[in-house]
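J.: Residue numbering for the sequence shown follows my numbering, starting at 18 and increasing by one per position.
There could be a bad hint or two in this list.
[Stated by the list, open to error] Taking lysine to any residue and the SDA-like style, the derived pairs with C-alpha atoms no more than 25 Å apart in a straight line are:
| no. | residue 1 | residue 2 |
| --- | --- | --- |
| 1 | K38 | S28 |
| 2 | K38 | V53 |
| 3 | K38 | I50 |
| 4 | K38 | H59 |
| 5 | K38 | A49 |
| 6 | K38 | S27 |
| 7 | K38 | R48 |
| 8 | K38 | L52 |
Because the hints were derived from the structure by calculation, they are not lab data.
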Amino acid sequence: MRLKIHIYFSSLLELSIHIQKFGQLSYEMWRAIRLVVDVGIHEFSWTH
Numbered sequence: 018m019r020l021k022i023h024i025y026f027s028s029l030l031e032l033s034i035h036i037q038k039f040g041q042l043s044y045e046m047w048r049a050i051r052l053v054v055d056v057g058i059h060e061f062s063w064t065h
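Using the sequences and the accompanying hints, generate a full structural model.
T.: So, in structure tokens, the structure goes:
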């Protein structure tokens, strides 16, 4: 019983780590996109 609980919580921890990594990568992707768009707007006078 104790081992099953340990395995269950270990798998939840691994899932949590994967979700956090996905969130981090998603944030970094949007940050990179905003950087490119911001430079384009100011340097090349993009309107759309």
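J.: Against each hint, give a clear statement of whether it holds in the structure.
T.: Hints, one by one, checked against the model:
{"no.": "1", "hint": "K38 x S28", "result": "holds, 15 Å"}
{"no.": "2", "hint": "K38 x V53", "result": "holds, 23 Å"}
{"no.": "3", "hint": "K38 x I50", "result": "holds, 18 Å"}
{"no.": "4", "hint": "K38 x H59", "result": "violated, 32 Å"}
{"no.": "5", "hint": "K38 x A49", "result": "holds, 17 Å"}
{"no.": "6", "hint": "K38 x S27", "result": "holds, 17 Å"}
{"no.": "7", "hint": "K38 x R48", "result": "holds, 15 Å"}
{"no.": "8", "hint": "K38 x L52", "result": "holds, 21 Å"}
Of the numbered hints stated above, the single one contradicted by the structure is hint 4.
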